[in-house]
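For the record, the sequence lines run as chains B and H. Here our numbering is used: the first residue of the first sequence is 1, the next is one more, and so on. Here our numbering is used: the first residue of the second sequence is 1, the next is one more, and so on.
Any given hint might turn out to be false.
In silico contact screen, one side only, chain B against chain H (beta carbon under 7 Å); selected entries [what the hints assert, rightly or not]:
id	residue
1	Leu2
2	Met85
3	Ile152
Derived by calculation from the structure, the hints in this document are not laboratory data. Built from N, CA and C at the ideal position, the CB exists for glycine as well.
Each chain, letter by letter, is given below.
There are 2 protein chains.
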Amino acid sequence: MLPIQVHLTLPPWLEEVADEKRRYHSDEERVALAIELSRRNIAQGTGGPFGAAVFDDQGRLIAAAANRVVPQSCSIAHAEILAYMAAQQRLSTHRLNEQGGRYTLATSSQPCCQCFGATVWAGVDELLIGARAEDVEELTEFDEGPLPADWIGELERRGIAVRRDILRDEARAVLAEYGQTGPKY
Amino acid sequence: MLPIQVHLTLPPWLEEVADEKRRYHSDEERVALAIELSRRNIAQGTGGPFGAAVFDDQGRLIAAAANRVVPQSCSIAHAEILAYMAAQQRLSTHRLNEQGGRYTLATSSQPCCQCFGATVWAGVDELLIGARAEDVEELTEFDEGPLPADWIGELERRGIAVRRDILRDEARAVLAEYGQTGPKY
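Working from the sequences, and respecting the hints, build out all of it.
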């Protein structure tokens, strides 16, 4: 029978790491959560070394996610994609900032070509990034894929501010640990 | 409570259009199905004017999908993405051609920036396209987003053959109908 639905789960430990009652005010607190999601994901063997989270302009956590590509048999299930999906379904909108408000995605590593494209449509106003693409490619077997030459400019021209190198060393440390010891997710 | 799962449904009429018992041998038959999915999707009001399907090298239909962005509150839920997800979950693999075999995505319109990126990771060997990006932008309010300058070359260098303009007029006709009369999904 042809599939008529798709179901994806987030890791069962998610709420041990992501605290819905807390306010994540600074860029560093937000990326620190994304990095902690990436670290826990490899420690628990629930996916690849990537985490992401969506916040509103009060610092409230709307959704948190980690990479689930291999456990869920889904090449789409990158951390950023799952964070966007979960946040949009929670707020019942296909564009997070459609009704106003400002939304931020924090991610442990620079979005790949797929998550770059998803960021264009998701309705976020800001993208906060830990490790760079070259860190991912240096420290793991992952490829970031082909991006537009001026990918930051493309986002900024669409109203999405980009800030990089936030806790970059901490993000790199998780990638390095994964690259040395992890299962190859 | 933070979301711990994501659930997406395909349109309820899917199996009226997509025939799992049939073999879709030619490129034209495959894109014709994608276009018929796009047409039915706007006729039924179940999403935007885009359809896509995954086939194996025997012409068997693995998964069929249509755009579900607005009904499912999900900017990720483009037809191509849902076709990849459904096919991968059906075959229990995060990369369709990982165990061998050749897989094809047929889509009614050129993939946007998000679906271009997803195509890099999905494990397809071939991409068949009906309408061009400029048709989408001419005939509807949709934006295709920023792509690498040589997006076809980027795919082909990764082993993904690209063939365009298959039944382009038929694909354009659905876009034109949507642009003139459709709800703005």
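To see whether the hints hold, each was checked on the structure:
1. Leu2: Holds, about 5 Å.
2. Met85: holds, 5 Å
3. Ile152: Not OK, violated: B:Ile152 not within 7 Å of chain H, min 11 Å.
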